[in-house]
Amino acid sequence: MSFPLLTATAALPAVGAIATAAVPAARKRVAKWVALLFSVATLALAVAVLVRFDPDGERYQLTESHSWIRDFGVRYELGVDGIAAVLIALTALLLPFIIGAAWHDADDLEPTRPNRRWRPTQGFFAMMLAVEAMVVMSFAATDVFLFYVFFEAMLIPMYFLIGGFGDRAHAAGEEEAGKQRSYAAVKFLLYNLAGGLIMLAAVIGLFVVTSDQLGEGTYSLQQIVQARADGDFQLGTNTERLLFLGFFFAFAVKAPLWPLHTWLPNAMGESTAPVAVLITAVVDKVGTFAMLRFCLGLFPEASAWATPVVIVLALVSILYGALLAVGQRDMKRLIAYASISHFGFIVLGIFAMTSQGQSGATLYMVFHGVSTAALMLVAGFLISRRGSRLIADYGGVQKVAPVLAGTFLVGGLATLSLPGLAPFISEFLVLVGTFSRYPVAGIVATAGIILAALYVLLMYQRTMTGPVEKSVVREMPDLRPRELAVVAPLIALLIFFGVFPQSLTGIVNPAVEHTMSDVQKKDPKPDHPVADKGWFDYKPVDGHAGGDHK
Amino acid sequence: MSPVNYVYLAALLFTIGAAGVLIRRNAIVVFMCIELMLNAANLTLIAFSRIHGNLDGQIMAFFVMVVAAAEVVVGLAIIVMMYRSRHSASVDDASLMKL
Amino acid sequence: MSAVATAGTVPSLWTLAAEPLEAPKIEYGQLSPVIIVLGVAVLGILLEAFLPRRVRYGAQLVVTALGLVSAFAAVLGLAVTGHATTKRAVVGMGALAVDGPTLFLQGTILLVGLVSVFVFAERRLEPKSQTAHVDSFAAQPAAVPGGEGEREANAAGWTTTEVYPLLLFAVGGMLLFPAANDLLTLFIALEVFSLPLYLLCALARRRRLLSQESAVKYFLLGAFSSAFLLFGAALIYGYAGTFAYSGIARVIGNADRQTTAVLAETAGSDALLLIGGALVVMGLLFKVGAVPFHMWTPDVYQGAPTPVTGFMAAATKVAAFGALLRLLYVALEGLRWDWRPVMWGVAIVTMIAGAVIAITQTDVKRLLAYSSIAHAGFLLAGVIATEGRGVSSVLFYLGAYSFVTLGAFAVITLVRDAGGEATHLSKWAGLGRRSPLLATAFSVFLLAFAGIPATSGFIGKFAVFAAAAEGGATPLVVVGVIASAIAAFFYIRVMVLMFFSEPKADGPTVAVPSVWTTSAIAIGVVVTLVLGVFPQYFLDLASQAGVFVR
Amino acid sequence: MESLIGLLVGFPLLGAAVLLCGGKRVDRTGHWLGVLLAGASFVVGAVLFLDMLGKNADERALHQHLFSWVPVESFQADVAFQLDQLSMTFVLLITGVGTLIHIYSVGYMEHDERRRRFFGYLNLFLAAMLLLVLADNYLLLYVGWEGVGLASYLLIGFWQHKPSAAVAAKKAFIVNRVGDAGLAIAIFLMFTTFGSFAFAPVLSNATEAGEGKLTAIGLMLLLAACGKSAQVPLQSWLGDAMEGPTPVSALIHAATMVTAGVYLITRSGAIFNAAPDAQTVVVVVGAVTLLYGAIVGCAKDDIKKALAGSTMSQIGYMVLAAGLGPIGYAFAIMHLVTHGFFKAGLFLGAGSVMHGMNDEVDMRRYGGLRKYMPVTFVTFGLGYLAIIGFPGLSGFFSKDQIIEAAFAKGGTQGWILGAVTLLGAAITAYYMTRVMLLTFFGEERWRQKTPSADAPSAEPAAEVHGEHGGPHPHESPRSMTIPMIVLAFGSVFAGGLFKVGDSFVHWLEPVTQFEHGHPPVSAAVVTGATVVTMLVGVGAAWLQYGRRPVPVVAPRGSLLTRAARRDLLQDDINHAVLVKPGEYLTRGLVYVDSKVVDGLVNGTAASFGGLSGRTRRLQNGFVRSYAVSMFGGAAVLVAATLLMRAV
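Chains as they are written, first to last, in the UniProt record's numbering: chain A, 1 to 550; chain B, 1 to 99; chain C, 1 to 550; chain D, 1 to 647.
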C-alpha cells in the first residue's frame with residue numbers, strides 16, 4: 001500500500017480550509033497566509049503527482065481503491081490518467097494566484113471609519129480551498145458516484161463565494177449590487193443543481209443497468225469499461241442514449257455550452273475577479289473534463305450518436321459567445337462570453353473524436369485556465385482601482401499604468417490565441433482535429449478566431465488607449481508588487497507553454513489514445529500521405545523527440 | 001333479512017356523516033358527523049361479524065367505541081377552548097392560517 | 001370448542017373452570033419498548049398530579065428522558081439479540097410484529113422523541129417571568145387567550161409540564177403504529193398517537209389563536225381521516241373475515257377459499273377489498289401528508305408550537321410510513337398490481353405539488369411543511385419499489401429525514417422578535433451576518449433537504465430513487481428529480497435571504513439557547529453529515545432491517 | 001553554420017525581451033541596445049550569406065531542427081529553420097533595412113518618452129519577421145505571420161493616446177486576422193491532404209493531390225497574403241496604418257512585413273503551379289490592387305498615405321508577378337527587394353520632411369522644401385526616380401521585368417495584364433511626381449496662413465509647436481540622414497546589380513524555379529513602352545502641379561478624385577457590408593441572449609412561481625374545503641383502484 005498521493009492532494013486543501021476557518025476572527029492576515037501556504041503546499045503535491053505519473057505506464061495511475069457505500073456499489077476509487085493529472089496540476093497551480101489576487105477582496109469594508117463592516121475573511125479563503133479540494137477530487141475520482149458527489153458539492157462553496165463577496169464598489173449602488181449578486185449566485189446554483197439532478201437520475205440508471213447486467217451494481221469506471229470490452233456489459237441503444245443525455249446535460253451546464261450558458265455571465269460578472277477565475281478556469285473545467293472521461297468512456301456509442309448535435313452546439317457557442325462578447329459593455333461579462341466561446345472550442349475538440357482534437361481540448365482546458373486567469377485578474381485589478389466594471393468608464397490607462405496595460409494586453413492576446421502564447425497551440429490542435437473529420441465545422445470554428453481578435457482588441461482599445469482623463473490618472477496607480485507577483489508568473493507560463501507545449505503533450509497524448517480506443521475511433525487518414533515518401537529530412541510519424549537533422 | 005343490508009345501511013350512514021362534515025359549519029356538529037361515520041363503521045363491523053360468524057368484528061366495535069369516547073374528550077376540549085377564545089364554534093371562523 | 005364437543009353438556013362456569021383458561025401469551029420482552037414508554041407516560045401523569053408545580057419540570061424531564069433512553073436501550077437489546085433478523089416474530093397474539101422494520105423505526109422514533117424532549121425543555125428563549133424561566137408552552141392552556149387567567153398564569157410563571165407525558169403517549173402510539181400487525185391495532189395505535197398530538201398542537205405560549213386553530217383543524221381532519229381508515233378496515237374485514245395482516249394476505253392469495261362458504265362468497269367480491277384497501281391507505285396517506293390529503297400540514301405546522309411541529313413532522317412521518325409499508329407489503333402484497341399504479345399517481349402529484357407550492361411560501365414553517373409534503377412524495381417513490389431494497393431505502397430515508405427536520409425546527413425556535421418566533425421569511429434576511437453559526441447549521445439542513453451530496457438527504461434520496469428505478473419506476477425517478485430541482489429553488493431562496501440580504505434594522509434577534517436546543521441542533525447537524533459521508537453502516541442496518549415478518 | 005540561424009531570430013528576440021521587461025533601468029541605453037542587436041542579426045545574416053555564396057547552388061539550403069514543438073500523433077510540428085536562397089534574400093533585406101531604420105529611429109524618436117518601448121517593439125518585429133521567413137513549416141511560419149501582425153499592431157498604435165492610432169492598430173490586426181484564418185485553413189487542408197504541413201514534404205509532393213484540393217489551399221494562402229500584403233479585398237488597413245511613427249511605416253508597412261504575402265505565394269509556388277485557377281485569382285488580385293493603390297495614391301494629400309497607396313500598388317505588381325508562376329516568381333522577389341530599398345527611403349524621407357515640418361503631413365502645406373532639406377531632397381529624389389522606373393535605377397529593372405512577364409503570360413490574359421501593368425506604371429509616375437512637386441518644388445505654401453480647419457490628421461505635437469507661428473523647415477540630424485543615404489544607394493544600384501547577368505534570377509532559381517517568359521512582342525518594345533508611359537505620367541503630373549500654383553486647401557475634385565480620397569469607398573463598403581450588419585447582429589444577439597435564451601430560463605422559473613401562486617390559493621384556510629379535498633381524494637383513490645382492476 002503506497003502513499004495515497006491523490007487523497008493527500010485533495011485532502012490538503014480541505015485541511016487548509018478547516019485551518020483557515022479556525023483562525024480567530026481578528027487575525028485576518030494570519031488566515032490569508034495560512035490559506036496561501038496550504039495552496040502552495042497543494043501545488044507541491046500536485047507537482048509530485050505529475051512527477052510520479054508515468055506517461056507510458058498504465059492508463060490510470062496512483063490508484064486508490066476502498067469500499068465506501070457497498071449498498072450502491074460505490075467505491076472510493078481514485079486514479080489519474082494524463083488528462084486528469086494535468087488538470088489537477090492546473091487547479092493546484094492557479095489557486096495560489098487566485099488567493100494572492102484576492103488578498104484584499106474579503107477585507108472588512110471601510111475599515112477605518114466608524115461604520116466599519118465586518119466580513120468573513122476566513123470563510124472566504126476557506127471556501128476557496130474547499131473548492132480546490134472538491135475539484136481535485138472530481139478530477140481524481142474514477143468512481144462515477146464519487147465524482148458526482150464532489151461535482152455537486154462544490155456548488156455550495158462556489159455559491160457563497162459568488163453571492164457573498166462582490167466587487168467593493170459598484171456603479172449601481174450597493175443595494176442594487178447585492179441584488180444582482182444574489183441573483184447571480186442563485187442562478188448559478190439552480191442551473192447547476194438542475195443539471196446535477198438530471199445527472200443524478202442517470203447515475204441511478206447506471207446503477208440499475210450495472211446491477212442488472214453485472215450482477216452487482218458498480219460505479220467503477222475501470223470496471224465498467226473493462227466489462228464492456230469483455231462483452232459482459234452491453235447497454236441497449238435507448239438506455240445508453242438516455243444515460244448519456246443525463247450525464248451530458250449536467251456537463252453542458254457546467255461547461256457551459258449554448259444554450260445553457262446564461263448563468264456564467266451573471267456569475268462571473270457579479271463575483272470578484274479571483275472568484276470569476278475560480279469559476280471559469282477551475283470549476284467549469286470539471287464539466288468538460290467529465291465529458292471526456294465519463295460521457296465518452298461510459299457511453300461511446302451514444303457519444304457518437306450525439307456528436308452531430310454536440311458539434312453544432314459547440315459551433316454555436318463559439319460564434320455566439322464571441323459575438324456577444326463583442327456586444328458587452330461590462331468587461332467581466334465580456335470575458336465570460338469569451339469563455340463561453342472558448343468552451344465551445346473545448347467541446348468541439350472533444351467531440352471531433354480525433355487525437356488532435358482531444359489533445360487540443362485537454363491542453364485548451366489548461367491554457368484557457370491560465371490565460372483567462374491572467375486576463376481576468378488584471379481586469380480585476382483595474383476594476384478595483386476605479387470601482388466600475390463598465391468599459392466606458394476607462395480610457396487612456398496605458399499612459400498612466402503601462403505595466404497594468406501591458407499585462408492586460410498579454411492576457412488579451414493569449415485569449416485571442418496569438419501564436420507564441422500557449423492557447424494558440426490548443427486552439428490550433430482543436431481546429432485541425434475538427435477539420436480533419438468535419439471540415440465545415442473546422443472552417444466555421446475558425447471564424448471564431450477573427451471575432452476573438454475583435455472583442456479583445458476592442459476592449460483593450462476602449463479601456464487602455466485614447467486620451468487620459470484626469471480622474472483616471474489620480475485613481476490609477478500601476479500594478480503593485482503583489483499584483484505583479486500574481487500576474488507575471490502566469491504570463492511566463494503562457495509563454496513557456498506556447499514554446500514548449502511538448503512538456504504537456506507527452507503526458508496527455510497516451511491518455512487521449514485510450515479515450516480514442518474507448519470510442520473506437522481512429523484519426524482520419526490523409527488523402528495523399530507523404531509520411532513514407534521521404535524527403536531529405538522528413539521525420540517519420542512515430543517519434544516525438546526528434547534530434548538535429550542535417 | 002340478509003345481513004348485507006346492514007352493510008348498505010352503514011355505507012349510507014357513513015356517507016351522511018361525511019356529507020355532514022363537508023357541509024356543516026358548527027364544530028360540534030361536524031364532530032358529531034364524524035362520530036356518525038365511526039358508528040357507520042361499527043355497524044359494518046358488526047354486520048360482517050355476523051356474516052362471517054366470528055367475533056373479531058364485534059370486539060373491534062367495542063374498541064372503536066372506546067376510541068370514540070377518547071376522541072370526544074380531546075375533541076370537545078379543543079373545540080370548547082376554541083369557542084372560549086373566539087365566541088364562535090364555527091369551523092369557518094378558524095381560518096387565520098391559509099395559503 | 002372442543003370442551004363442548006367432548007362433554008356434550010351445556011357449558012357452565014364449572015366446565016370452564018375445569019378446562020383451565022389459556023392465558024394469552026404476551027412476550028413482554030419484545031414489547032418492552034412500548035411498555036416502558038407507556039408506563040413512564042402514566043408515571044408522568046401521576047407526577048403531574050402529586051408533585052408541586054415548581055419541581056414538576058425537572059422531574060418530568062428526568063423521567064421522560066430516562067424512559068425514552070431505557071426504551072431505546074430495550075430496542076437496542078432486541079436488535080442485538082437478533083429480533084430484527086433471525087428471531088423476528090409476531091407477538092401479542094398476532095397484534096404486533098417485532099421485526100427489522102419495527103425495531104429500526106422504533107429506534108428512530110425513540111431517538112427523535114428524545115431529541116424532541118431536548119427542544120421541549122428549552123427555557124431560555126422566552127423572557128423570564130417574575131418567578132421562573134418558562135418554555136414555549138402555554139402557561140394555562142385552558143385560559144382564554146389575552147384574558148385575566150392567562151395573565152395571572154403568566155405572571156406566576158406556570159408552564160404546561162403535561163407536555164412530557166403527552167409526548168410519551170404519542171411516542172408510545174408511534175412505537176405501536178409501525179409494529180401493528182392487524183387493522184385493529186393499527187387503528188388503536190393511530191388514535192393513541194394522534195390524540196396527544198392534537199392536544200400538543202394547542203399548547204403554544206404565543207399566538208395562541210393560531211395554535212388553537214391548528215389543533216381544531218388537525219383534530220377534525222384527523223378524526224375524519226381515521227373514520228375513513230376505520231371504515232376501510234371494516235370493509236377489509238368484510239372481505240377477509242379477519243383483521244390480521246397475515247390472514248388478509250392469505251385470503252387475497254386465495255389460500256383460505258375453502259374455509260367457510262361465507263368467506264368464499266364475500267371474498268369473491270374484490271370490490272370490498274379494493275375499496276377497503278383504498279380507504280385504509282388513504283387514512284395512512286393522510287398521516288404522511290400525501291397530496292391530496294396534505295392540506296392540514298401547512299396550517300398545523302405553522303400553528304403548533306415549534307418544538308411540537310418538529311416532533312410531529314419527524315416522528316409522525318416515520319411511524320406512518322412504517323405502518324404504510326407493513327400494510328402494503330404484508331397485508332396487501334397480493335394486490336400489488338392494483339395499488340402500485342395508484343401510488344404512482346399519488347407519489348407524482350405529491351412530489352410536484354409539494355415542491356411547486358412551496359416556491360411561493362413566505363413563512364418558514366409553512367415552507368418546511370410543503371417541503372415535508374414533497375419529501376413524502378420521494379418516500380412514496382421508495383415505497384413503490386420492491387420489498388428489500390425499497391423498504392430499506394425508505395427506512396434509511398426516514399432516519400435521515402427525521403433528524404434533519406428536527407434540527408431545522410429547532411433552529412426556527414431560536415429566531416425571535418418581540419412577538420415570539422419570527423417565522424416570516426422576510427425577517428430572516430441577513431441572518432447569516434448576525435449569526436453565522438446558526439445560519440450555517442440551518443443551511444446544512446436546507447442542503448440536506450435539497451439532497452446535496454455529503455448530506456444525509458442526498459444518500460437518502462439516492463437510495464430511494466435507486467430502489468424505485470430498480471423496481472422499474474423510472475418515470476417516477478425522473479419526476480422526482482425534476483421535483484427536486486424545483487424544490488432546490490426555495491431552499492436556496494432561504495439561504496440567499498440568510499446570507500446575501502441586508503439585515504433589517506428591526507429584524508429578529510437570535511436567542512442564545514441553553515444546552516438543550518444547542519445539543520438538539522448539534523445532533524441534527526452531526527447525524528446529517530455522518531449519514532451523508534459514512535452511510536454504509538446505517539445502510540447496512542436498514543437493509544438488514546428491510547424484511548417483514550409475515 | 002546551421003547553428004547561426006537561430007541567432008538571427010535570437011538576437012532581436014533577446015532585445016525585445018530586455019527592452020520590454022527591463023523597465024526604466026534600460027531607458028537610457030535601450031535604443032542603442034536595439035540597434036546593436038539588429039545590427040548583430042544583420043552581421044550574422046551577412047556571414048551566412050557569404051558562406052552560402054561559397055557553395056554550389058544546390059547545396060546552399062541550410063536546415064536546423066531545434067526541437068519538436070507540438071507532437072500529437074500524426075500532427076508533428078517542429079521548431080526548425082530552413083535557410084535557402086529565398087529566405088536568405090529576405091533575411092538580408094529585413095536585417096539590413098531593419099538596422100538602418102533602427103538607426104534612423106534613434107534620431108526620429110529622440111523626444112519620445114517611450115522610446116525604449118518603441119525599440120522593443122521594433123526588435124520584436126524583426127524577430128517575428130525573421131521567424132516568418134526562416135520557418136521550415138507552415139505552422140511556424142504562422143507564428144511569425146501573426147507575430148509580425150502583433151508588432152505591427154503595437155507600432156501602429158504606438159501613440160495610443162491618439163484614438164485614431166488605436167483604432168487603426170486594431171483595424172490592422174483584425175483585417176489581418178481574416179487573412180490569418182485563411183492561412184490556418186490552408187494548413188488544415190495540407191494536414192488532411194498530405195498529413196504534413198512542412199514545406200519540404202508538402203511542396204515536393206504537391207502534384208499528387210487533386211487540383212481541387214490544391215486550388216482550395218492556394219486560395220486560402222492567397223487570402224492570407226491579401227491580409228498581410230494589403231491586397232484587395234483586405235487592403236483597407238494599410239492606409240490607416242500610417243498612424244504609426246514613420247520609421248514603422250518605412251520598415252513594416254513598406255519594406256518588409258507587407259511583402260510577406262509575396263513571400264508566402266512564392267514559397268508555395270509548387271502548390272500554385274499545380275493549381276492554375278488559383279493562380280488566375282492571384283493575378284487578378286494583383287492587377288486590381290495595382291490599379292487600386294495607384295488611384296488612391298493619386299488623390300491623397302497626406303504624404304504618408306500617398307506613399308501607402310503606392311506601396312499597395314507596388315505589392316500588387318509583386319503579387320501579379322508571383323501569380324504568373326515560374327516566369328514571375330524571381331521578378332516578384334526582385335521587385336520586392338528593390339521596392340524595399342526605395343520605398344523605405346521614400347518613407348524615411350517623408351519622415352524627415354515631417355520632422356522638419358512640425359509633423360505636418362499635408363503635402364499641400366509643403367512646397368519648395370528642397371532648399372531647406374538638401375539631403376532629404378536628394379535621397380527622396382533618387383527613391384522617386386527609382387520607383388517611377390527611371391531607366392538605370394533599380395525600379396526600372398525590376399518593374400520592367402514584371403511587365404515583360406505579364407505580357408509573356410500569353411493570350412488575351414497576357415495582353416490585359418500587360419496593359420494593366422503599363423497603366424500602373426503611368427499612374428505611378430503621375431502620383432510620385434505629384435508628391436515630389438508638392439513637397440520640394442513650387443512656392444512655400446507653409447508660410448501661408450490658412451484660416452481653414454487644420455489638416456485632418458495633424459498630430460497633437462503639431463499644435464503645440466504651432467503656437468510659435470509657422471514651421472521652420474530644417475534638415476534632420478545625422479542619425480536620420482545616413483540611413484536615407486544608404487537606402488538611396490540601394491535604390492539606385494540594386495536593380496542593376498541584380499540584372500547583371502540575371503544574377504538574381506539564377507540565385508533564386510533552385511528555390512523558385514525559373515522559366516524564361518516570351519512576350520508576344522520583343523523585350524525592347526516592352527521596355528520602350530514602359531519608358532514612354534512613365535514619361536506620360538510624369539508629364540501629366542507636371543502639367544497639373546508643376547505649372548500652376550497649388551491651392552492649400554484641396555479643391556473639391558471630380559467624383560473619382562473624391563472617391564479616391566476616401567480610398568475608393570473601401571471603408572464605406574466595409575462599413576455597410578460588415579460593420580453595420582455586424583453591429584446589428586451583435587445587438588440583436590445581446591437582446592436574444594437576455595430576452596430569449598435567458599428569458600426562457602427565467603420564464604420557466606417564473607411560470608413555476610405563477611403555478612405555485614395559483615395552486616396555493618387552494619389552501620384557503622377552511623377546514624371544510626380541506627375535508628372536501630380529502631373526500632375527493634378518497635373517492636379518486638377508490639375509483640382509481642377499482643378502475644385499475646377493471647382495466
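No lab work stands behind these hints, which were simulated from the structure alone. One should not assume that every hint holds.
Here are the simulated DSBU-like cross-link-like pairs (lysine-lysine), alpha carbons at most 35 Å apart as the crow flies [unchecked claim]:
1. D:Lys162 x D:Lys24
2. D:Lys580 x D:Lys595
3. C:Lys128 x B:Lys98
4. B:Lys98 x A:Lys179
5. D:Lys499 x D:Lys162
6. C:Lys87 x C:Lys128
7. A:Lys28 x C:Lys504
8. D:Lys371 x A:Lys179
9. B:Lys98 x C:Lys427
10. D:Lys55 x D:Lys499
11. C:Lys427 x C:Lys128
12. C:Lys128 x C:Lys504
13. C:Lys427 x A:Lys28
14. D:Lys162 x D:Lys580
15. A:Lys28 x A:Lys179
16. C:Lys128 x A:Lys179
17. C:Lys427 x D:Lys24
18. B:Lys98 x C:Lys87
19. D:Lys580 x A:Lys399
20. D:Lys24 x A:Lys399
21. C:Lys504 x D:Lys595
22. C:Lys128 x C:Lys25
23. A:Lys179 x C:Lys427
24. A:Lys399 x D:Lys55
Verification of the hints:
1. D:Lys162 x D:Lys24: With Cα atoms ~23 Å apart, Lys162 of chain D and Lys24 of chain D stay inside 35 Å; holds.
2. D:Lys580 x D:Lys595: Distance ~22 Å between Lys580 of chain D and Lys595 of chain D Cα, so the pair holds.
3. C:Lys128 x B:Lys98: Given that 35 Å is the threshold and the Cα spacing comes to 32 Å, the pair holds.
4. B:Lys98 x A:Lys179: 29 Å, holds
5. D:Lys499 x D:Lys162: Distance of about 45 Å is beyond 35 Å: violated.
6. C:Lys87 x C:Lys128: 52 Å, violated
7. A:Lys28 x C:Lys504: 27 Å, holds
8. D:Lys371 x A:Lys179: With Cα atoms ~72 Å apart, Lys371 of chain D and Lys179 of chain A exceed 35 Å; violated.
9. B:Lys98 x C:Lys427: Cα-Cα ~19 Å, so holds.
10. D:Lys55 x D:Lys499: Holds, at about 21 Å.
11. C:Lys427 x C:Lys128: 23 Å, holds
12. C:Lys128 x C:Lys504: At roughly 26 Å apart (the allowed maximum being 35 Å), Lys504 of chain C and Lys128 of chain C satisfy the hint.
13. C:Lys427 x A:Lys28: 30 Å, holds
14. D:Lys162 x D:Lys580: 24 Å, holds
15. A:Lys28 x A:Lys179: 27 Å, holds
16. C:Lys128 x A:Lys179: Given pair Lys128 of chain C, Lys179 of chain A is violated - Cα atoms ~39 Å apart, limit 35 Å.
17. C:Lys427 x D:Lys24: 58 Å, violated
18. B:Lys98 x C:Lys87: Given that 35 Å is the threshold and the Cα spacing comes to 49 Å, the pair is violated.
19. D:Lys580 x A:Lys399: Distance ~31 Å between Lys580 of chain D and Lys399 of chain A Cα, so the pair holds.
20. D:Lys24 x A:Lys399: 15 Å, holds
21. C:Lys504 x D:Lys595: 33 Å, holds
22. C:Lys128 x C:Lys25: 52 Å, violated
23. A:Lys179 x C:Lys427: 17 Å, holds
24. A:Lys399 x D:Lys55: Roughly 52 Å separates the two Cα atoms, so the pair is violated.
Hint violations for this structure: numbers 5, 6, 8, 16, 17, 18, 22, 24, all remaining hints satisfied.
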